[in-house]
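*Asks:* First to last, the sequence lines map onto chains A and B. Sequence positions in the first sequence follow this note's numbering and run 637 to 1066. Sequence positions in the second sequence follow this note's numbering and run 637 to 1066.
Think of the hints as simulated: they come from the structure by calculation, not from any bench. A quick note: this is a predicted structure, and the numbers were derived from the prediction, not measured. Check each hint, because a few of them may be wrong.
Any copy will do: because identical chains look the same in the list, a pair fits if it lies in one copy or spans two.
Said to hold, decoys possible - When the alpha-carbon atoms are kept at most 35 Å apart in a straight line, the in silico DSBU-like pairs for lysine-lysine are as follows:
hint, residue 1, residue 2
1, 978, 819
2, 795, 853
3, 853, 1060
4, 796, 731
5, 795, 809
6, 816, 676
7, 947, 819
8, 795, 816
9, 648, 796
10, 650, 1063
11, 795, 731
12, 809, 853
Residues per chain are reported as follows:
There are 2 protein chains.
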Amino acid sequence: MVDIATRVWNHKWKIDPIVRSLIDTDFYKLLMCQSVFRNKRDTQVTFSLINRTKDIRLAELIDEGELREQLDHIRSLSLTRGESTWLRGNTFYGKRQMFRPDFMEWFENLRLPDYHLEKRDGQYELTFEGNWPEVMMWEIPALAVLMELRGRAVLDEMKKFELQVLYARAMTKLWEKVKKLRKIDGLRIADFGTRRRHSFLWQDWCVQAMTEGLGEKFVGTSNCLIAKDRDLEAIGTNAHELPMVYAALAENDGELAQSPYQVLADWQEEHDGNLRIILPDTYGTEGFLQHAPDWLAGWTGIRIDSGDPAKGAETAIDWWRSRGEDPTRKLVIFSDGLDVDKIAELHGQFAGRVRPSFGWGTLLTNDFRGLTPGDALAPFSLVCKAVSANDRPTVKLSDNPNKAMGPADEIARYKRVFDVGPQKAMKVEV
Amino acid sequence: MVDIATRVWNHKWKIDPIVRSLIDTDFYKLLMCQSVFRNKRDTQVTFSLINRTKDIRLAELIDEGELREQLDHIRSLSLTRGESTWLRGNTFYGKRQMFRPDFMEWFENLRLPDYHLEKRDGQYELTFEGNWPEVMMWEIPALAVLMELRGRAVLDEMKKFELQVLYARAMTKLWEKVKKLRKIDGLRIADFGTRRRHSFLWQDWCVQAMTEGLGEKFVGTSNCLIAKDRDLEAIGTNAHELPMVYAALAENDGELAQSPYQVLADWQEEHDGNLRIILPDTYGTEGFLQHAPDWLAGWTGIRIDSGDPAKGAETAIDWWRSRGEDPTRKLVIFSDGLDVDKIAELHGQFAGRVRPSFGWGTLLTNDFRGLTPGDALAPFSLVCKAVSANDRPTVKLSDNPNKAMGPADEIARYKRVFDVGPQKAMKVEV
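Okay, chain A solo, but in the shape it has when bound (with noise of 0.2 Å):
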């Protein structure tokens, strides 16, 4: 029996909203969110969206009122009374309170900024402005809505078992992961697939399915609204994008060179335990360990991002012990890139050498590969990174030099400054 009233207030919707929640985005914004409202919150940065796969040409495949739609419904948001009680009152890695009064009330009153979108060949120009604080939550969501608008537009020429039939071969598709994934003695792993899901109800039945199928091997989810509707852990910790502006905003080549361990330092006054883990990669991991301050050894672990994953590890395992630090006793988080084979690969080969876990992404919510004619809805690379700080460039090199943002002259000094030797140029897929 249907329920009229349901029907009814569905009809009442002008668009089918992609993002509804403040919350439907990664734990790590909200952490480092935090810790920029405290040490940063009147930096002036502008967010861009870049798609990296230049051949999905999104401004043909999506529809610009469509994309406007979304992205103002984003702006009519509001964190709820429930969302902030469970930000409050819930326990974040062990941690009460993990969110202080002062940033809760700041982001209780959280509108998001304004957007700028233009085309240009065949892409689109999407870019936010403004306190950092308040843009760097245009992050998640601004993806999440592209991915899934992208979707939406392969997805409209299917008729109803067609579509049904989609979905049934990407659920197999993902047992069979899961099932593969049963077996990994020990493993851990979460869902880091927020941004670039195929779609939010996607990634709740990704979730649902992680849940019963790998049991305690599953230790979470990043996306803070599924984490509380699921009764899960929320997972992450921080990213590129504080040393990006930290970086941005040093005055000179001395406090560029301090600027990824002060990231650290700010982030070590507010966190502890698993919170404590370094992501090396934003310059040059190999630069970045050599010349890092001892106290930062005694982090509880590192984040590999980039660059060949196991040469990655290797040379967290050497600095570790260069610095009289036990690897085995430190937490390595493999986020980039991942699907089961190379899991259970970097499981074997790390396993009581240091303790392995999984950030597992794109291929755990958006593995549509080979499900529909001409792969219309493989995933891509689409990311939204700060692109200026105080009206000054940003840089990323990264250990993956297709990976790397900015301006040349800018890259050639940062790669100067950091000391950043011949890079290997991996294909970037997802």
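Once you've looked at the hints, dock chain B against the given chain A.
*Replies:* Structure of chain B alone, referenced to chain A:
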């Protein structure tokens, strides 16, 4: 939003009824029932359930109490006004008022007679006795109930997402078949899968998937309830029970030899066009055609339901030619243990030479092979047949000795009377 009333209503059910309508049955049952009602209504028959797949021990899988509840529920059913209106008012095979007022009046008052159930050697002995028109209506629901209870027994062990993925796989599997069938030019195929379906909901899904996926090529379903609810053609003509009972009633060998033709003589009085389909294999196709009266050669077509289907079709073609009929205008309906590859092969072999058509049964509505550990959901060969009429045993020979039924001495007598030579034994899978 949950429809609260629906949820509460669902809680009122003591059981989840498998068969919820007297027309959740095969269309040919109703045609045959009307014919029996008109010509042999007082015949006392016994129908009995036979599981040809002995290694599936139904009495160990299915709880007797649950089975009785389902059977009792079927006995509580009667024709609804809407069902009656549909049968009285709808056009079947292009004909209005297919069902006569006196038959409809009887059907509207029908309740199914009692059943006799006991366990023996891990199997259920389920028998039905009484007037032929009433007892015969038990066949399809009894089979459907046992198939579905066996399925439920297996599914009881599974968790939520495991179940969803199971159906996801089954949907994908069927869709792959639909895509293969779509490629066959001029295909005509119908759903004959009611009796051995995985479940009612699954058959309904399969029929809808065939409708979307095959369009014109899908000519309809044998299930009256689904035909009514989905506004499709109800498909079916007649089956072995007619010649089996007519034969059992024969007073002597002479009458016995004539009985299969008497069935069709009675049928011809009621039906024409595409309902004039010969089912020749009850006592051997070759002998049946050889001794058939000339008027039978004028019938629209033939149904091949046992033995090597290609051989059966060739035999029919030769026979039509020998009687001066043009085979290219004749309908040949293949309906025995079909799956897509066999369908494609037979269509390629006979399209143009005759008008081939396919009644796809078990492997349309119950192909869960390979989807569960130990293949616990694989279909099996369950039948419900007339075993006696007016206290005389019935006999079936068919073109496959593995499908023969009846007392040994009677089988010998029938083989003599019907002049059946050596037969090729073929594995009976479904």
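*Asks:* Against the structure shown, which of the earlier numbered hints fail to hold, in ascending order?
*Replies:* Structure breaks hints 6, 10.
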